[in-house]
Amino acid sequence: MKVLVVEDSQRLRHALGEGLRRSGFTVDLARDGEEGLNYVSVAEYDVIVLDILLPKLDGTTLLKEIRKSGNPVNVLILSAKDMVEDRVAGLELGADDYMVKPFSFDELVARIKALGRRKFEQKTSVIKIDQVTLDISKRQVWANKQLLQLTRAEYNILEQLVLRRGRVLSKNQLMEWVSESDSVSTSNVVEVMVSSLRKKLVQSNIEVFIKTKRGFGYYVD
Amino acid sequence: MKSIQSRLTTFIILGTAVLLLAAGLIIDRRLSSQLEGEFHKNLLAKAMTLVTLSEHDAGEIEFDLDEELMPEFKRRHQPEYFQLWLADGEVLRKSTSLGNADLRRLNVGLDEPVFTDLNLPGNRSGQAVSFMFIPQTDPDEEDEQDVSGREEERGELVADNASENTIRVQISLAQGREDLDELLLTMRTTLLATFLILMIALAALARYSVSRGLVPLKNMTREVAELDASRLHMRLAGTETEELTPITQQLNGLLDRLEQAFQREKRFSGNVAHELRTPISELRAIAEVGKGWPEERDMVESFFGDLVGLADDMERTVVNLLMLARLDAGTQEVKQEPFDLTELVDGIWKRFGAEVTQREISLDNRLKPGLMVQSDKDKLKLILINVLYNAVSYSPTNSEIVIEANEIESELEIAVSNKAVNLSESDLPMMFERFWRKDQVRAEGNHAGLGLSLVKALAEILNLRIKALLDAGHRFTLSLSGLAPA
Chain E
4 MKVLVVEDSQ RLRHALGEGL RRSGFTVDLA RDGEEGLNYV SVAEYDVIVL DILLPKLDGT
64 TLLKEIRKSG NPVNVLILSA KDMVEDRVAG LELGADDYMV KPFSFDELVA RIKALGRRKF
124 EQKTSVIKID QVTLDISKRQ VWANKQLLQL TRAEYNILEQ LVLRRGRVLS KNQLMEWVSE
184 SDSVSTSNVV EVMVSSLRKK LVQSNIEVFI KTKRGFGYYV D
Chain V
551 MKSIQSRLTT FIILGTAVLL LAAGLIIDRR LSSQLEGEFH KNLLAKAMTL VTLSEHDAGE
611 IEFDLDEELM PEFKRRHQPE YFQLWLADGE VLRKSTSLGN ADLRRLNVGL DEPVFTDLNL
671 PGNRSGQAVS FMFIPQTDPD EEDEQDVSGR EEERGELVAD NASENTIRVQ ISLAQGREDL
731 DELLLTMRTT LLATFLILMI ALAALARYSV SRGLVPLKNM TREVAELDAS RLHMRLAGTE
791 TEELTPITQQ LNGLLDRLEQ AFQREKRFSG NVAHELRTPI SELRAIAEVG KGWPEERDMV
851 ESFFGDLVGL ADDMERTVVN LLMLARLDAG TQEVKQEPFD LTELVDGIWK RFGAEVTQRE
911 ISLDNRLKPG LMVQSDKDKL KLILINVLYN AVSYSPTNSE IVIEANEIES ELEIAVSNKA
971 VNLSESDLPM MFERFWRKDQ VRAEGNHAGL GLSLVKALAE ILNLRIKALL DAGHRFTLSL
1031 SGLAPA
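The listed protein sequences derive, respectively, from chains E and V. Going by the numbering used here, the first residue of the first sequence is number 4, and it counts up by one from there. Going by the numbering used here, the first residue of the second sequence is number 551, and it counts up by one from there.
A few of these clues could be false.
Beta-carbon label-pair distances, calculated as ranges [what the hints assert, rightly or not]: (1) E:Gly97 <-> V:Ala811: 53 to 61 Å; (2) V:Asp977 <-> E:Phe123: 40 to 48 Å; (3) E:Ser140 <-> V:Asp977: 26 to 34 Å; (4) E:Lys141 <-> V:Leu978: 31 to 39 Å; (5) V:Asp977 <-> E:Gly97: 52 to 60 Å; (6) V:Arg807 <-> E:Pro75: 50 to 58 Å; (7) E:Ser140 <-> V:Val774: 38 to 46 Å; (8) V:Val868 <-> E:Gln143: 44 to 52 Å; (9) V:Val971 <-> E:Val205: 54 to 62 Å; (10) E:Val205 <-> V:Asn972: 39 to 47 Å; (11) V:Val868 <-> E:Thr154: 24 to 32 Å; (12) E:Lys131 <-> V:Asp977: 16 to 24 Å; (13) V:Glu975 <-> E:Ala113: 25 to 33 Å; (14) V:Gly820 <-> E:Lys202: 44 to 52 Å.
It should be emphasised that the hints constitute simulated quantities derived from the structure, not laboratory data. C-beta: ideal position from N, C-alpha, C; glycine also.
If we strip away everything but chain V, and leave its shape as in the complex, we get (with noise of 0.2 Å):
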């Protein structure tokens, strides 16, 4: 896995190190240009004391140097070397340092100097200055010539008037570079230590100043690694880095999305719980009646229209429950087939059976018989059950419940009404949430405040409009929409 920290520090690291690589070349290159320079300089200043040493003395050629005062020609350490030329090849002179060995002669012009490097004996590398030249005359004779003046231009001039008697002469002179080479070594050694040095300074430096810049992004993580499903109340700080501040406040509010869905969730689990310790201590408690006298069969027989009301109960909360979480999951199909719809309403109030009867809860079916609708028949009568047993649950004792049907428009609208004495206008928006229900619904039998809330559901994926009226006196109607006849 890359992390930023070397990544950043390899880049700073990598990307100063040619910098300073090439301000290294760039040093070298002149300082080693300058040095060689000035050992020109120096190469051609001594050639030029040796030329002052010869002079052109009657038609001969003399010149006077004695080593004794230039020991540097003859020595054996390290020795320099010269040779002198004339025009045809003869050898004028050479340094006793030579021996038997010659300098190489090149092809050069009068006074123009020409550089080589070369090899000297002893296997010592060198560089030698070589280039032609006049001598001067005898200073004796300098009247006769009417020349004064500096070097070159009495050079010349002797060129021009003597062009009888013109001799010119080779010089070449060598030395040794070690010096030179030892000066460029001790520069470059300096610049690579130099180098070196501040490379592993920088790469300290890098490495502190990216961690320390990373800390704001350390903490984040350390903060983020402290949550978990029991501390969603939790919110990063805001830190005072800018780069960090968009992506706190992105997962802080992704953070609030979540305690909101994990908050509904635990809502809900916590309703389910709740609706089914009443089932559950209604069951137990006449479990435990029956078990202590079981030889009372009135009793015992009375407990049995309980006991099938109580699964009924419990069966439509798990059958809503299970079809509410298929609806939010979307994996609900709806299967278009025409069918009877007045037999179906039929068939569902049939299952009402003992509540109905001991309330006198009556229900007028005005649906035509044999009425076919075009629908999802399982998920309608769903429908149908729950806002059949919504309207019982809602109606007092003695009444009646309607149930009717309306072509608009080529489509069927089916409306249920009852009488709901406890119901207020204000209760309309709110009763199809889930789990919301008012008080007295509970007054006969158990309702978990999920019917409405699967209704809505169930409407939307059949394309059905759910419209709940209540009127001045005090008549509740459900009506829904939109169901295609067949």
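Chain E extracted, bound-state conformation (with noise of 0.2 Å):
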């Protein structure tokens, strides 16, 4: 899951992207509001985590330039201000939540899944096709009732391929849902993934999960 934290101050925004990193998910950070928004222009995103009183663009602002592009990403309201009337109109904006600082960083995690759940009309944490089981919470994948021992971008892959099941993912698209902005990575890390993720998925017996659509890229039924 990719999550974009627009977050002016520099500890905070540190602490943010080492502990939701750790939590596994795929994190750009952006100092301020005009940042945010050259992030969100050239890259999807899951979740939105945005703070209101951000320098060069606050943070309704930018929320306003989101929707209005037509771009459904959830977004997570993290403020210093905590009245009813910020939430509301914090909401009636377009923001899907609303944190007010100071925040339990488990709960802004378990937030940012249950958004990222939605995404994808998803209400459960638990998915399962065929006899592999996807738990999002968890970040757990099970086949054939056995417990699949992958890597970070391994899962990551194969949550966006069954977040997004019949639809196909070039190799591009998911380089980017797992690879962070500004690192370089090339398509064929993505390959190398899928590769290591089928064998490990034949070892429990799963033949085919993960297909290709020769010339696109892979897709899930």
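Combine the two chains into a complex, taking the hints into account.
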């Protein structure tokens, strides 16, 4: 799941970046509203964690811009403003959730996951396709009742394919979902990961789960 | 405690009581003297009747009174008394009612009635009239004397002509004054009763009208009682009462000022609370993430620098707030001492460490080494920390802050300048207000917006003049002048 954090406090950005990455998210960090808008215009995110009091372009303006462009991304506002009217204003502008600073990091992670599920209209955190079961909140994959040992990137690719099942995702798209915008990687990485995933699935007697659409990419039925 | 109501009521009641009593006394005086006068007139008239009954007949005085016709002189119950004397003191006649007793014979003149109070037999109090008269001559002999007309004239004539055979008689007539006293008593009781009824009615009326008159005051008391800290927006409704209008206005004015001060205080504490949320959420996020992956040494170590910066920020906020509170309370004293300013600036700059290195901001300290000044070292240090911190906050990445000193007329002027891309001319007057800040100041680090308001307050007590300038090249200069070299 890919998350953009727009936060002006360098220290908070640092802690959130480290924590969210270790919680299994692909994380981009923006220090002000303008930077946030740049990120949103070039990459697709599952969830945006947005501060309101931001330099250059404030959070509400950024949110309006995002919604104006028709982007349905889930937005969680993280603000020090704790009045009911602030929350209402944020939600009415098109935010999907609102958290008041100071906040619990674990709760933030849980809410980001819940918002990620909502994007795929997935009410529960457990998805079952044939003999493969994906637990989004625990980030675990079970194949024929066997727990698979996956790396973070492998899990992320599988999660995207399962959440968008029936849709063909290109290597580039997959790479974007699993890599952070400022990191450098090639589409080969995706190929390597997909073949490693398939190998692990075969070991659990799942023969064809991730299918290849030649010239386009991969998909899950 | 004195109440207006009871004071007014007492005053009205006492005042009216005095007036009514005075009026009552005057009426009493007038009426009783009138009644006494009437009584005297009747007494005299009756004495005159008795006089007409006496005759001078050939050297003999005859007194022709049939007590059967005038039973008042012999009856037992409340009788009247008379006594007649000849000039030599011999009793000519006295009323049966006197028995063996005598009326006191007074020394009186001819036809000059004298009224006296006296005790009558049977312990009655009474009044008597007494005078001398010359009995009239027998009417049969009247021709001889060639006298006609009124009694007095006749008497005088008799007295004049009959110089050799003048016979004078003294009469005293006494009556009990029971009737008079009863009348006086009735009059006085009536007056007193009227007075009491009036006083009771008046007391009720006074109480009622005073309490009616005080209704606006009571309403106001109720309104004021409803006021408290949570309802400072309320104002007293204006009354129609002329006397209360200035009080209402004054109170409402006071409420205006109180509400403003209260709002200011609320805003201030609200701002403080808000400013503390950011460092607390940073602290919490760092702690929770560190706790979640304690084995990630690199990450955990990278947090330590953040924590130091966080502690610095919070410390600065608290020191600034405390100093502002003390300056507001006026409990700060100024200690003048000579010290090395250049060294002070270098020492402050060292503490900026991590943040300035990261953003490649450098300080060009152009103060000559060993520049001594005379001022309050701690307060000037706080000023410089905030001015430099402000400069760092505004400075873009990779820029230079300059501090320099100019000597103007044996006074030092310290100027700190930095590049401030997003600052505009219109921000300058506002930047010394508490909690003001241009949004991008928060781009890096926390800035509670207290710094420059503290700088202003401190400069004031150190007698320094402060000036903010923005030149066309977006270079911001904050200068402090009036510093004394040592």
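Status of each hint after checking the structure:
1. Range check, Gly97 of chain E to Ala811 of chain V: about 40 Å between beta-carbon atoms, so the 53 to 61 Å window is missed.
2. At roughly 47 Å, the beta-carbon separation of Asp977 of chain V and Phe123 of chain E lies within the given 40 to 48 Å, and the hint holds.
3. For Ser140 of chain E and Asp977 of chain V, the Cβ-Cβ distance of about 48 Å falls outside the hinted range of 26 to 34 Å, so the restraint is violated.
4. Look at Lys141 of chain E against Leu978 of chain V: about 56 Å separates their beta carbons, and that is not inside 31 to 39 Å.
5. For the pair Asp977 of chain V and Gly97 of chain E, the beta carbons lie near 32 Å from each other, so the given range of 52 to 60 Å is not met.
6. A C-beta distance of roughly 53 Å is found between Arg807 of chain V and Pro75 of chain E, which places it inside the suggested range of 50 to 58 Å.
7. As the Cβ distance of Ser140 of chain E to Val774 of chain V is approximately 60 Å, the hint placing it in 38 to 46 Å is violated.
8. Checked against the hint of 44 to 52 Å, the pair Val868 of chain V and Gln143 of chain E passes, with Cβ atoms roughly 46 Å apart.
9. Distance hint for Val971 of chain V and Val205 of chain E: a CB-CB separation of about 59 Å, consistent with the stated range 54 to 62 Å.
10. Range check, Val205 of chain E to Asn972 of chain V: Cβ separation about 58 Å, and the 39 to 47 Å hint is violated.
11. Val868 of chain V and Thr154 of chain E have their C-beta atoms about 46 Å apart, which leaves the hinted 24 to 32 Å range violated.
12. Restraint check, Lys131 of chain E to Asp977 of chain V: a C-beta distance of roughly 59 Å breaks the suggested window 16 to 24 Å.
13. Between Glu975 of chain V and Ala113 of chain E, the C-beta spacing of about 48 Å breaks the proposed range 25 to 33 Å.
14. A beta carbon spacing of about 59 Å between Gly820 of chain V and Lys202 of chain E contradicts the range 44 to 52 Å that was offered as a hint.
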